[in-house]
Every structure is written in structure tokens, then in C-alpha cells.
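Chemist: Can you build the whole structure from these sequences, using the hints too?
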Amino acid sequence: MEKPEKIQKRIKSISDTQKITRAMKMIASSKIKKAQSRIMEARDFIYGIENIISDIACFSGFISNPLLKSPGNDKNILIVGITSDKGLCGDYNSNIIRHIENAVNKLIGIGKKVKLIIIGKRGKNYFKYIGYDLDMVYENLSDYPKFLDAREISKHIISRYVEGNADRVLLCYTEFINPAENTPVIMQLLPISNYSKTVFRDVGKLINSIIDIPSDSPHGGTENTVSGLIEGKVCRIFPEFVYDPSLSEILDAILPEYIDSTVYGALLDSTASETGARITAMRSASDNAAEIIKELINMYHKARQQEITLEIAEVVSGAGIFSS
Numbered sequence: 050m051e052k053p054e055k056i057q058k059r060i061k062s063i064s065d066t067q068k069i070t071r072a073m074k075m076i077a078s079s080k081i082k083k084a085q086s087r088i089m090e091a092r093d094f095i096y097g098i099e100n101i102i103s104d105i106a107c108f109s110g111f112i113s114n115p116l117l118k119s120p121g122n123d124k125n126i127l128i129v130g131i132t133s134d135k136g137l138c139g140d141y142n143s144n145i146i147r148h149i150e151n152a153v154n155k156l157i158g159i160g161k162k163v164k165l166i167i168i169g170k171r172g173k174n175y176f177k178y179i180g181y182d183l184d185m186v187y188e189n190l191s192d193y194p195k196f197l198d199a200r201e202i203s204k205h206i207i208s209r210y211v212e213g214n215a216d217r218v219l220l221c222y223t224e225f226i227n228p229a230e231n232t233p234v235i236m237q238l239l240p241i242s243n244y245s246k247t248v249f250r251d252v253g254k255l256i257n258s259i260i261d262i263p264s265d266s267p268h269g270g271t272e273n274t275v276s277g278l279i280e281g282k283v284c285r286i287f288p289e290f291v292y293d294p295s296l297s298e299i300l301d302a303i304l305p306e307y308i309d310s311t312v313y314g315a316l317l318d319s320t321a322s323e324t325g326a327r328i329t330a331m332r333s334a335s336d337n338a339a340e341i342i343k344e345l346i347n348m349y350h351k352a353r354q355q356e357i358t359l360e361i362a363e364v365v366s367g368a369g370i371f372s373s
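Reminder that position 146 of the sequence shown reads as 195 in the working numbering, one-by-one numbering, no gaps.
I should point out that these hints are in silico values taken from the structure, not numbers from a laboratory.
Listed next, the in silico SDA-like pairs over lysine to any residue satisfying Cα-Cα at most 25 Å (straight line):
#1 Lys170 to Gly180
#2 Lys177 to Asn125
#3 Lys74 to Met89
#4 Lys177 to Leu137
#5 Lys58 to Gln354
Cβ-Cβ distance ranges computed for the label pairs, FRET-style:
#6 Arg92 to Asp192: 18 to 28 Å
#7 Ile63 to Glu363: 26 to 36 Å
#8 Asp65 to Gly158: 43 to 53 Å
#9 Val291 to Asn100: 15 to 25 Å
#10 Lys343 to Glu201: 46 to 56 Å
#11 Gly158 to Glu90: 34 to 44 Å
#12 Glu212 to Ile303: 17 to 27 Å
#13 Asn347 to Glu201: 50 to 60 Å
#14 Ser113 to Gly158: 30 to 40 Å
Note that the coordinates shown come from a computational prediction; the quantities given were computed from them, not determined experimentally.
For each residue, glycine too, the CB sits at the ideal point set by N, CA and C.
Modeler: In C-alpha cells:
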């Protein structure tokens, strides 16, 4: 059995670590409410933009825009993956990285060329290490993402898409459900269509839904109009508005804003998910530390008791020698 002095040092070391994990849990807990509030605001904004686009589509379904164009040969896929810059957040990063890697492997398996835009140091380090083709890397955004950050990212995404370097853009991030629950998801970011509004937890379902769309589908072929946005939907009844400027000019302005907002919403979801995962991880670490400390205290008492018993035995034995 270890000496009591060594056990005391271990207790102190683990107690110091427990103080750190408790402090990190408290900091993360203080951030989560604000993160949730920002998510709700962003979702309301995105929903409003979607309604405006749908109204324009209902009013005139034959307005063209580069962001609505159908993929050409649908060969080049750009995946935008959002990870964190920091660790100590449980399995948050491993889950989203596995999701991104799964998407890449499935797409390569059906003959697609895949490039990655990675947000976050953790994802960058992993994908660089295994030799993946990184189109762009963004760092130091996960702590408090700003709308201007999202706009910079989406500007690069749109330029790659419009220039023909990407036939399709997919967005992979972690959807926030509540502080104790989150899930990696993937969605189509470009071209904008009904599928752009659907997030998939299963990578295979997304690929089956959008990658091999028949050419006679409103989402495939050569059309690049807003008509595909309203397939299967009931248009809202509204009076004949007079649009100024023209509908096409409004669409030219609002579609990039929709991409900006979608990327921003994904960043906020990921940040809140990371914060929630950190709360869970630090709570678990603190609880485990408490259990270890409890066991070490019992070990200390037993070691101390054994030490005292041995000392008493030595005293009694020595006294017996002198008395004889």
C-alpha cells in the first residue's frame, strides 16, 4: 500500500484538477443561455427569408439566378465542415469529424471529386493529418461567431460555386437540440432548392436524395429558375404587390443573404452544441474526480491506520524487550 504522504499528494492534485473542471463547467453554463437566444433569433431570420423567396417563387416562378442553377456534370462536390477550435468538449469533435469523413468517403465511392472547407482548428488538424484536400480553412470563430464571419465564408463558397469549381455545396455541422443533446447533420447549401431546407442526420439519405436527381426533375436538368422552390408546396395567398426594384433584382440581393444566414445559423448551432458538450464533459469529469478523491481518502485512512498499528506494535515489542 502507498504511503499516506503520497496518497495526500494525489488527493491534492486531483482536487486542483476538479476545481478547474468545475470552473470550466460554470463558464460554459453561463454561455449556453446566450447561445440559445442567438440561435432562435437566427432561425427566425432564416425562416423570414425563406418565406420571401417562396412568395417570389409563387408570384413568378421563372426568374433565373446563378445560385439556383442545376449542377452541370455534378462531379465536383464542396463540403463545408464546422468543428471547434478548442478541446475538452467530450465527443463533440470526434462525432462531427466522423460525419464529415463519412460524407467524403461515400461521395468518393460513387465517383465524385470532393474538396473541403473546414472551420475550426480541430477539424483542420485532423484532415490535414490524413491528407485530405482542403480548399480553405477558417479558425478562431467557434467561441463567438459573428455574422460578418459567416458572410466572409459564404462569399468564398458562392464564388467557388458560380465560377464552376463546385457543382454542389454541402454543409456539415452539429445541430443544437438542447444543452444535453446535439447531433451532426448535413444539408445542401447550393444550389438552393427545396432540399436546401432539409437537414439529414444520415449522410446516405442526403446523397440518395440529391446527388442522382433525374434530369427531368424540377431540381435537376438545365433549369435555374425559382420554380423548383415551390414544388409540393401551397403558396400563401397575398395581394398583388408592386415590387420595386424588380423581382429579379430582389432575388439577386436576397439569395446571397440566405446563404449568409444559413452559414451563420450553422455556426451558432455548432457553438451552442460545443458549449453544451463541454458542460456535460466537465460535469462528468468533476463527478469522476469526486469519486476518485473519495476512494483515495479511504485509502489514506487505511494506510494511516496500518502505519499507526505498525508503530504501536513496534512500541509494545520494544517495551517487552526492556521489561524482560
